[in-house]
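With the hints as your guide, set chain V with the ligands onto chain X.
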Amino acid sequence: MASKVRVETTINGEPTEFLCEPRQSLLECLRDVLHLTGTKEGCNDGNCGACTVVMNGALVTSCLVLGPEAQGARIETVEGIAKGNQLHPLQQAFLEEAALQCGICTPGFLVASKMLLEKNAQPTEQEIRLWLANNLCRCTGYDKIIRAVQKAATQMAEVKA
Amino acid sequence: MNEFEYRAPQTLAEALADYSAHPSAKLLAGGTDLIVQMRAGRKTPDVVLDIKHIAELNELSYDAAKGLTLGAAVPCHIIHNSDVVKREYPALAELAGIIGGTAIQGRASIGGNLCNSSPSADSIPLLIAMGAICRIASAKGERTVPVESFCTAPGRNVLEPGELLVSLQIPAKSKGTGSYYLRFIPRNEMDIAVVGAGVEVTLSDGKISAARVALAAVAPTPLFVTEAGAALIGKEPGSEAFEAAAQAARNAATPISDMRGTVAYRKHLCAVITRRALEAAVAQAKERQ
Ligand SMILES: Cc1cc2nc3c(=O)[nH]c(=O)nc-3n(C[C@H](O)[C@H](O)[C@H](O)COP(=O)(O)OP(=O)(O)OC[C@H]3O[C@@H](n4cnc5c(N)ncnc54)[C@H](O)[C@@H]3O)c2cc1C
Ligand code: FES
Ligand code: FES
Numbered sequence: 001m002a003s004k005v006r007v008e009t010t011i012n013g014e015p016t017e018f019l020c021e022p023r024q025s026l027l028e029c030l031r032d033v034l035h036l037t038g039t040k041e042g043c044n045d046g047n048c049g050a051c052t053v054v055m056n057g058a059l060v061t062s063c064l065v066l067g068p069e070a071q072g073a074r075i076e077t078v079e080g081i082a083k084g085n086q087l088h089p090l091q092q093a094f095l096e097e098a099a100l101q102c103g104i105c106t107p108g109f110l111v112a113s114k115m116l117l118e119k120n121a122q123p124t125e126q127e128i129r130l131w132l133a134n135n136l137c138r139c140t141g142y143d144k145i146i147r148a149v150q151k152a153a154t155q156m157a158e159v160k161a
Numbered sequence: 001m002n003e004f005e006y007r008a009p010q011t012l013a014e015a016l017a018d019y020s021a022h023p024s025a026k027l028l029a030g031g032t033d034l035i036v037q038m039r040a041g042r043k044t045p046d047v048v049l050d051i052k053h054i055a056e057l058n059e060l061s062y063d064a065a066k067g068l069t070l071g072a073a074v075p076c077h078i079i080h081n082s083d084v085v086k087r088e089y090p091a092l093a094e095l096a097g098i099i100g101g102t103a104i105q106g107r108a109s110i111g112g113n114l115c116n117s118s119p120s121a122d123s124i125p126l127l128i129a130m131g132a133i134c135r136i137a138s139a140k141g142e143r144t145v146p147v148e149s150f151c152t153a154p155g156r157n158v159l160e161p162g163e164l165l166v167s168l169q170i171p172a173k174s175k176g177t178g179s180y181y182l183r184f185i186p187r188n189e190m191d192i193a194v195v196g197a198g199v200e201v202t203l204s205d206g207k208i209s210a211a212r213v214a215l216a217a218v219a220p221t222p223l224f225v226t227e228a229g230a231a232l233i234g235k236e237p238g239s240e241a242f243e244a245a246a247q248a249a250r251n252a253a254t255p256i257s258d259m260r261g262t263v264a265y266r267k268h269l270c271a272v273i274t275r276r277a278l279e280a281a282v283a284q285a286k287e288r289q
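Taken in sequence, the protein lines are chains X and V. Using our numbering, read the first sequence as starting at 1 and increasing by one per residue. Using our numbering, read the second sequence as starting at 1 and increasing by one per residue.
Extracted from the complex, chain V is given alone in its bound form:
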C-alpha cells in the first residue's frame, strides 16, 4: 500500500475544513471497499480522513414526522440489530444483515456502500425504493440529493471535491407500506448480486396507491425504474400487476455479460426478482395495515 497520512477529525466542521484543504484525501468509514482498493493500488490518496468519529455520521434516530436519520458511517451490525429499524424499516434491517458476512457488517456502512457507487451495491436499490434523501455537506454549505440521482457512473457520484455524505433521511412509512430487497446470488451469502431489486408499495382500499422499483447490477448505475412503479399504481396487488412491473423492469435493464451472467440471463432474472420482491413487499404491507 502507498504511504499516506491518517487523520481522524472529531467534529463535522473539522472534517469539512480539512477535506476542503485536501480534496485529494480519501474518506474512510468502514474501509471494506476503500482499504481493498488502496491495497490493490487502485486508490493512492496522500491523506486518509477517518470520518467515523463524527457525531452526525453516527446518528441513528427515528421521528414519526421526519422518519429515520441514518448517519453515513453507522455500521451494518448496528442497523441490523436496531429495534427501531427492525420495527419501522424491516427491509433495511434485513439488508444490513446480508452485506458481506458478520465480520464485514462489523465495519461496513450504508454511507460507504452508497458512496462507493458500485452498480451492484446492495443497499442502493432499497434506498431508492424507500425514497431516501442524501444530506451532503462541504465547507461551503449543505445540499440534499435524492438517492436515485446520486450515482452517475460505475464508482462515480455527484459528490464534488470537498463534499461528504453526512446522513440519509428515510421518510416514515405509513400504514399499508411494505418494502423489500431481494438479490440473486449463486451462493447463500457472501457474494455479489447478479441482479438485485429494491421495491416499495403502499396499499390503500385494496389497491396499490404508490410504488417504487429500483434494480442493482443491470446498468452502469443503480437503476430507478419509474415505468415499473407506474405499471402498479391503481392496480390490485396480484400476479397481473406484478407481471406488468416485472416486464417494465426487464425492459429498462441494460446489463452487461460477465462471469456472473449473460445479458439474456440477467434480463430474465430482472423480471423474476422484481416479481418476487413485489410479492414480499405486498405481504409486508398487508401485515402493517
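So here's chain X without its partners, still in its complex pose:
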C-alpha cells in the first residue's frame, strides 16, 4: 500500500493537519478523514459542483483535487460560511426562497454564490446563471436558487448602505 502523506493546510481559517493516501481526493479527505461532511459528492468527475470549495481564492471542484495538493493551501468550505449560529444572508435567503429540496447541491451553490457576490455585489440574472453553470440541481429547477442569490445580494447591499 502506498504510504500516507501528511498534509498541513488551513481550512476555514483553522490550521489543520491530516494524513491521506495520494489517490484520495480533497473531497474524500474533507469528508472521510476530517469529517467535514458539509461538502457533498454528486458525480465525482467535475460536472455537478456539489463538492465545490474555495482553494487559494479560486473555486474548485474538490473531487478533482488530490489530497496532497492541499499542502500549504487555504481551503474554505460550506462549514465556514455561517458565523456561529448566525446564518450568512445567502443561507437565510436559500431558506426563505425554498432554494433547496434534497439539499445535496446546496453547499456547492452556497460556496459558489458567496464568491460571486464577493466579486460582483449586484450581478444580473444572466451573470448569476452563467457563474452557477458549474452547479447542477435536480430538484429545484434553478429559478428559486437564482431568486435567493438576488435576494441575498439586495440584503447585503442594504446592510452596507
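Examples of chain V residues toward chain X, derived with CB under 7 Å:
id, residue
1, Tyr6
2, Gly31
3, His77
4, Thr102
5, Ala103
6, Met190
Hint data in this document are derived by calculation from the structure and do not stem from the laboratory. Backbone N, C-alpha and C define an ideal beta-carbon position, used for all residues, glycine too.
Coordinates of chain V with the ligands only, in the frame set by chain X:
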C-alpha cells in the same frame, strides 16, 4: 484509483530531472482531465508530478516585442481576469471563461488543454490562429514547436518521454488584428464543442493582409486550415471573402458521426461557425485599428 506516489517539484530543473528518471510519471497541472482519466482507470501512473509550483509554468507576462508568455500551468481564472490579456488578447481572455464552468476554470490550464490533445479542445484552434509557439523542455535541453504541429492523434502529441511544456509564446498583435474563437454547443455552457473555429485576421488599407483559421472537433487532431487563410488574403473583409474561407473550412473537415452530430451536420457547421468567427474577428480588428 490506482495507488501512486505524489511529488511536487519546486523548480524546473528538479521537475525535469525527476521526469527523466521516471518517464512513466504523469504530469499534473489542474487535474481536470488527468484526475478524471485516472479515476476511470484510463491512466495508471506510478508517480504523479505536480508541476504547478514551478515559477516558469506560472509566468504570465507581456512584452510589446515578445508578446505574451503564458506559463503552461496558469489556470483559466487568472487568464480570464488578467488586465493585460483582456487588453491585448481579448479572444484568449474570453476563451478562458468558457472552458468548463467557474470551478473548472479555478484549476484548468491552457497547457493542460493542449497537452491532453483532445480533437475538441477549445483552446487549440485559437492558439493556432494566434500563431502560438510551444516552449518544450527536457533534462537534455529545450526546443520550440508551433501549436499547429503539436497534436499528432487523439490524446497524442509530439512530447517525447521526459519532455514537458513550459509555456506558450503568443506574438504581440499589431494594430488592425482581431482574433476570435467560436464553438457550437447545444447548451449555453459546460459542454463539448460539436465544432469550434479559431480565427485571426489582420486588416491593412481596407484589405485582409494576414489570416489564419483552425478548427476543433472535425478531425483526429485540431485542424489548421491554410486554404481558408489563403482564401481571405488580399480580399476586402465581407461576405464574399468569408464565404470562400467558410467553404475551404468545410472542405478540409473530416469529422466523424457521434452523439453530438453527424458528418453532414458537422461539415455544415464548419462553414457557419467559421463565417461567424471571421465576422467577429474583423469587427474586433476594425476596433483596434
Ligand atoms: C466538467 C468539465 C468541463 C470541461 N469543459 C471543457 C471545455 O468546455 N472545453 C475544453 O476544451 N475542455 C474542457 N474540459 C477538459 C479540461 O478541463 C481541459 O482540457 C483543461 O484545460 C485541462 O487542463 P488541466 O490543467 O486541468 O490539465 P491536467 O488534467 O492537469 O492535464 C491534462 C493532460 O496534460 C498533461 N499535462 C498537463 N500539463 C502539462 C505540461 N506542462 N507538459 C506536459 N504535459 C502536461 C497531463 O499529464 C495530462 O495528460 C472540461 C473538464 C471537465 C471535468
Ligand atoms: S462531485 Fe465534484 S463536481 Fe460532482
Ligand atoms: S436540492 Fe436536490 S439537487 Fe438541488
